[in-house]
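All chains should be modelled from the sequences, with the hints used to inform the complete structure.
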Amino acid sequence: MSFFFSLSEGFKNLRRARGAAFLAVLILSLAITMVGTSAVVGWNGKKFIKFLRSQFDLTVFVQMDTADEVVIQLAKDIGKIEGVWDLTYISPAQAARKFEKEFGENVMTILGTNPFPASFIVRISPEFGTAVDASYIASRIANLNNIEEVRYRKSLLVIVDKYIKILIGIAMVVGFIVLFAAVLISSYTIKLAIFAKRDLIWTMRLVGATDSFIRRPFVVEGMVEGLLAGIIAVGFLEVAYKVAGIVLRGYLPLHRIEISNEIYLGMLLFGLFLGWFSSNISVRKYLREKI
Amino acid sequence: MISLANVSARFTDTIGVEGITLDINKGEFVCITGPTGAGKTTILKLLYMDIKPSSGRVTVEEFDSGTITRKQIPYLRRKVGMIFQDFKLLGDRNVYDNIAFALRATGYKRADVKKMTARVLAQVDLNHRRYHFPDQLSGGEQQRVAIARALVVEPYVILADEPTGNLDPESSNLILDVLISIQRQGTSVVMATHDYHMIDGRGFRRIHLEDGKVTDDSIDVQAE
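The listed protein sequences correspond, in order, to chains A and B.
If you're matching positions, the first sequence starts at 1 in the working numbering and goes up one per residue.
If you're matching positions, the second sequence starts at 292 in the working numbering and goes up one per residue.
Source of the hints: derived by calculation from the structure; they are not laboratory data.
It cannot be assumed that every hint is accurate.
Dumping the calculated DMTMM-like pairs for lysine to aspartate or glutamate here, alpha-carbon to alpha-carbon at most 20 Å [as the list claims (entries may be wrong)]:
1) B/K336 to A/D199
2) B/K336 to A/E289
3) B/K343 to A/E289
Ranges between beta-carbon positions, derived for each pair [unchecked claim]:
4) A/M172 to B/G328: 28 to 36 Å
5) B/D314 to A/R288: 32 to 40 Å
6) A/R288 to B/Y422: 33 to 41 Å
7) B/G456 to A/R288: 25 to 33 Å
8) B/A413 to A/F4: 40 to 48 Å
9) A/F4 to B/E501: 28 to 36 Å
10) B/F302 to A/F273: 37 to 45 Å
11) A/E262 to B/R301: 56 to 64 Å
12) A/F4 to B/Y422: 17 to 25 Å
13) A/R288 to B/K400: 27 to 35 Å
14) A/Y188 to B/K343: 25 to 33 Å
15) B/K343 to A/M172: 54 to 62 Å
Everything numeric in this text was worked out from a predicted model, so none of it was measured.
Think of the CB as a built atom: it goes at the ideal place given N, C-alpha and C, for glycine as much as any other residue.
Right under this line is the structure:
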């Protein structure tokens with residue numbers, strides 16, 4: 001009985017105070033849209049960082065005249081190092097052809113011999129694409145036998161790391177502010193909606209309903225409002241994305257920005273959470289203030 | 292058994308009641324009289340533990356103001372039915388739902404809610420108004436709904452704070468008759484009122500307050 005009472009009262013509350021419920025849903029949906037937009041920016045930022053890091057590689061030069069079987073073993077050893085994504089073998093002959101293609105000169109004709117050693121282009125997993133990890137992987141490769149030299153763009157990686165750190169810091173602060181604002185706004189909105197139903201709460205207390213019993217219909221109401229707000233926010237973000245795609249076509253590469261289903265699902269769940277959290281806290285606080 | 296033992300209730304800048312000692316037995320009809328500000332409502336609030344005494348002890352059945360916890364207060368209130376001058380009905384629910392709400396909010400089963408609400412509606416003679424909303428009823432009818440809501444949980448005592456304050460004399464007498472019939476069925480009734488004429492000659496126990504103190508506690512002589 002109590003479960004069904006809480007459910008039915010929660011839905012009745014929504015129907016009875018349509019104006020307050022509409023306002024709460026509207027404000028909650030704006031708050032969830034703010035959080036959703038931050039998530040889209042964060043998600044795509046993360047994707048971009050991963051892309052940047054996946055572009056990073058090391059060039060490993062093998063000592064001249066190393067036997068083929070040794071080179072094969074080296075490829076296996078390098079492939080086993082943690083953080084190595086894949087590697088491409090470039091034979092001395094391939095290196096010479098590449099030189100000819102780029103500079104228009106045949107090195108064999110000029111020098112009479114091929115000066116290029118065998119080498120590997122080693123790509124690092126995006127998760128290991130920091131300056132520290134790259135340096136560690138490079139030193140492990142350099143310590144293998146028959147390795148002449150390991151080259152990579154360390155300074156570029158240091159700069160990328162620095163800017164990523166700054167961007168993550170800004171994103172975290174902005175994300176926290178947006179999240180905090182969303183919780184605060186929704187708490188105040190639901191608190192107002194609860195205050196509008198103080199007669200109902202008063203009557204429930206008068207007849208001897210326990211605090212948890214009083215709370216439940218409001219929590220149901222808050223969660224329904226939160227879910228509705230989540231659905232509206234998803235629709236709002238999708239429409240805004242589509243409209244921006246049409247209006248800004250040719251100015252911004254919006255087609256590269258992805259709004260994943262996980263973000264939409266997250267927005268719905270966040271709406272539910274926001275409704276549950278705000279109503280729970282607000283009713284608890286309201287009940288605590290009165291005997 | 293209800294008792295107040297040397298109870299005082301002081302507020303920030305006023306004294307509600309001071310040094311009140313009294314016992315109310317099961318099935319008793321007690322009128323608390325006195326001018327505005329004498330402490331009538333404070334006594335009722337102490338009984339349903341909306342406020343706690345600054346000193347002394349209030350006991351209602353097994354509930355003691357000195358030991359009761361916040362979580363136990365709802366269980367006390369299920370034994371104490373309350374009625375107010377302004378009825379305090381839920382305007383967006385009909386008569387039946389206003390009464391049934393008291394049972395639903397305290398976890399009664401659906402079948403019991405139906406049965407108990409129907410019984411109490413008959414008791415206050417409002418069966419024909421069960422689907423009406425409060426604003427479609429007269430003041431007297433609204434107060435009968437409030438009485439039914441207080442009564443439906445079968446309380447030990449009904450506390451009525453100026454229940455006839457907003458009613459005409461005819462409706463007031465009707466409400467008083469309903470309260471008397473409740474008392475005759477074994478439920479104690481404690482009614483705060485300043486309408487002395489209405490209770491004169493009815494044979495009620497009358498506790499008179501002045502400035503928060505009991506100045507008289509006597510049984511009214513019943514008129515022939």
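The hints, checked one at a time:
{"no.": "1", "hint": "B/K336 to A/D199", "result": "holds (18 Å)"}
{"no.": "2", "hint": "B/K336 to A/E289", "result": "holds (17 Å)"}
{"no.": "3", "hint": "B/K343 to A/E289", "result": "holds (15 Å)"}
{"no.": "4", "hint": "A/M172 to B/G328: 28 to 36 Å", "result": "violated (59 Å)"}
{"no.": "5", "hint": "B/D314 to A/R288: 32 to 40 Å", "result": "holds (33 Å)"}
{"no.": "6", "hint": "A/R288 to B/Y422: 33 to 41 Å", "result": "holds (37 Å)"}
{"no.": "7", "hint": "B/G456 to A/R288: 25 to 33 Å", "result": "holds (31 Å)"}
{"no.": "8", "hint": "B/A413 to A/F4: 40 to 48 Å", "result": "violated (26 Å)"}
{"no.": "9", "hint": "A/F4 to B/E501: 28 to 36 Å", "result": "violated (51 Å)"}
{"no.": "10", "hint": "B/F302 to A/F273: 37 to 45 Å", "result": "holds (41 Å)"}
{"no.": "11", "hint": "A/E262 to B/R301: 56 to 64 Å", "result": "holds (60 Å)"}
{"no.": "12", "hint": "A/F4 to B/Y422: 17 to 25 Å", "result": "holds (22 Å)"}
{"no.": "13", "hint": "A/R288 to B/K400: 27 to 35 Å", "result": "holds (30 Å)"}
{"no.": "14", "hint": "A/Y188 to B/K343: 25 to 33 Å", "result": "holds (31 Å)"}
{"no.": "15", "hint": "B/K343 to A/M172: 54 to 62 Å", "result": "violated (47 Å)"}
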